[in-house]
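All chains should be modelled from the sequences, with the hints used to inform the complete structure.
Protein chains: 6
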Amino acid sequence: MPLVQITMLEGRTAEQKRKLAKRITEAIVEEVGARRAAIVVAFHEVSKESYATGGELMIDKVK
Amino acid sequence: MPLVQITMLEGRTAEQKRKLAKRITEAIVEEVGARRAAIVVAFHEVSKESYATGGELMIDKVK
Amino acid sequence: MPLVQITMLEGRTAEQKRKLAKRITEAIVEEVGARRAAIVVAFHEVSKESYATGGELMIDKVK
Amino acid sequence: MPLVQITMLEGRTAEQKRKLAKRITEAIVEEVGARRAAIVVAFHEVSKESYATGGELMIDKVK
Amino acid sequence: MPLVQITMLEGRTAEQKRKLAKRITEAIVEEVGARRAAIVVAFHEVSKESYATGGELMIDKVK
Amino acid sequence: MPLVQITMLEGRTAEQKRKLAKRITEAIVEEVGARRAAIVVAFHEVSKESYATGGELMIDKVK
Numbered sequence: 001m002p003l004v005q006i007t008m009l010e011g012r013t014a015e016q017k018r019k020l021a022k023r024i025t026e027a028i029v030e031e032v033g034a035r036r037a038a039i040v041v042a043f044h045e046v047s048k049e050s051y052a053t054g055g056e057l058m059i060d061k062v063k
Numbered sequence: 001m002p003l004v005q006i007t008m009l010e011g012r013t014a015e016q017k018r019k020l021a022k023r024i025t026e027a028i029v030e031e032v033g034a035r036r037a038a039i040v041v042a043f044h045e046v047s048k049e050s051y052a053t054g055g056e057l058m059i060d061k062v063k
Numbered sequence: 001m002p003l004v005q006i007t008m009l010e011g012r013t014a015e016q017k018r019k020l021a022k023r024i025t026e027a028i029v030e031e032v033g034a035r036r037a038a039i040v041v042a043f044h045e046v047s048k049e050s051y052a053t054g055g056e057l058m059i060d061k062v063k
Numbered sequence: 001m002p003l004v005q006i007t008m009l010e011g012r013t014a015e016q017k018r019k020l021a022k023r024i025t026e027a028i029v030e031e032v033g034a035r036r037a038a039i040v041v042a043f044h045e046v047s048k049e050s051y052a053t054g055g056e057l058m059i060d061k062v063k
Numbered sequence: 001m002p003l004v005q006i007t008m009l010e011g012r013t014a015e016q017k018r019k020l021a022k023r024i025t026e027a028i029v030e031e032v033g034a035r036r037a038a039i040v041v042a043f044h045e046v047s048k049e050s051y052a053t054g055g056e057l058m059i060d061k062v063k
Numbered sequence: 001m002p003l004v005q006i007t008m009l010e011g012r013t014a015e016q017k018r019k020l021a022k023r024i025t026e027a028i029v030e031e032v033g034a035r036r037a038a039i040v041v042a043f044h045e046v047s048k049e050s051y052a053t054g055g056e057l058m059i060d061k062v063k
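Chains as they are written, first to last, in our numbering: chain A, 1 to 63; chain B, 1 to 63; chain C, 1 to 63; chain D, 1 to 63; chain E, 1 to 63; chain F, 1 to 63.
Incorrect hints may appear among the rest.
DSSO-like cross-link-like pairs, simulated, lysine-lysine; straight-line CA separation at most 30 angstroms [stated by the list, open to error]:
hint	chain 1	residue 1	chain 2	residue 2
1	C	Lys48	C	Lys61
2	A	Lys22	D	Lys19
3	A	Lys48	A	Lys61
4	A	Lys19	F	Lys19
5	F	Lys48	F	Lys19
6	C	Lys19	E	Lys22
7	E	Lys61	C	Lys22
Pair ranges (Cβ atoms, derived) [unchecked claim]:
hint	chain 1	residue 1	chain 2	residue 2	range
8	D	Ala37	A	Ser47	16 to 26 angstroms
9	E	Val62	D	Ile59	41 to 51 angstroms
10	B	Glu30	D	Met58	15 to 25 angstroms
11	D	Gly11	C	Glu26	24 to 34 angstroms
Derived by calculation from the structure, the hints in this document are not laboratory data.
Backbone N, C-alpha and C define an ideal beta-carbon position, used for all residues, glycine too.
What follows is the structure in structure tokens.
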């Protein structure tokens, strides 16, 4: 009964999260043999000013 | 000094969180002997489209 | 279906974790109305050299 | 650049984790459009005495 | 490639998070030798009614 | 009173964690004004087979 916690930038649609939750759950069922009903996927969404890579906030990145 | 992080659906009242934080902290003090002041409880609330069980988002569940 | 993740120093017995998991789950059922079977409690145990308060590792604390 | 943190019971093989990490990463690339290199998957493995559902540790479950 | 997740009360400015992300990333590069680009810092902000110390929500604290 | 949780590969020395905890705590005190004693830093260490970037476990990376 794995717990999956995903931290990502806000802005993804319900449909994107729906597909992700479904595919990740299936991958766990098939590869690890966990019981489907017991798998939890939670999305923790953060804003661009709350997420940094390389020491730089996403709002400061120049594409 | 345990840290308690609770991920749950949004919509609970302050009073519910107040009681939960109090009871969880007391349980830790009494069962584990941790110092009360050092115990932290944080609630991470997610929407129904950010939480899935069994590969299905909460917004898609048919009661 | 709250997920409870507890970060604490290693060394607690199974009996302590058993009681904590039971009491925390009951508190959630009673205060928030969550379904008992859907509540998960996970303990993440860290060593004294992997936990710091006030900028000081637990191994360096003088009691 | 989603971060994926998976809490699960210890005992899975490297091969199971390899496949899971690969499939979850692919799901994120395809559904969300994140850059593959920036996706992190971390497994936090806990023992059966550190994981409870329904208020009961996994070591106490009668199959 | 450490992942740094910071749970704190909401209300900090982008500038405060910018400086924190920068300094934490630099500390990791210098002390641990991790590659700068691979370091992630995410801020999970919670309201004063979602954070308790000593069993008491921040909204209930008397200064 | 920020909580800092760091997920990283195992193998860092106590001295490295000591310095990191100290510098991160100081950064938070100075940039955010949090009370030093209330800041927690926890290191969650994972093995090379429990950490993947780009869908590939660290044990499979060719340097």
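How the hints compare with the structure:
A distance of roughly 10 angstroms separates the Cα atoms of Lys48/C and Lys61/C; the hinted pair therefore holds under the 30 angstroms criterion. Restraint check: the Cα-Cα separation between Lys22/A and Lys19/D comes to about 16 angstroms, which is no more than 30 angstroms; the hinted pair holds. About 10 angstroms separates the Cα atoms of Lys48/A and Lys61/A, which keeps this hinted pair within 30 angstroms; it holds. Proposed proximity of Lys19/A and Lys19/F is contradicted: the alpha carbons are some 42 angstroms apart, above 30 angstroms.
In summary, the hint linking Lys48/F to Lys19/F is supported, as the alpha carbons are separated by about 23 angstroms, within the 30 angstroms threshold. About 42 angstroms separates the Cα atoms of Lys19/C and Lys22/E, which puts this hinted pair outside 30 angstroms; it is violated. At most 30 angstroms may separate the alpha-carbon atoms for a hinted pair to count; Lys61/E and Lys22/C meet this at roughly 28 angstroms. Distance hint for Ala37/D and Ser47/A: a CB-CB separation of about 23 angstroms, consistent with the stated range 16 to 26 angstroms.
In this structure the supplied range 41 to 51 angstroms holds for Val62/E paired with Ile59/D, their Cβ-Cβ distance being about 43 angstroms. Judged by the Cβ atoms, the range 15 to 25 angstroms given for Glu30/B and Met58/D holds: they are separated by roughly 23 angstroms. The hinted range of 24 to 34 angstroms is satisfied by Gly11/D and Glu26/C, whose Cβ atoms lie roughly 29 angstroms apart.
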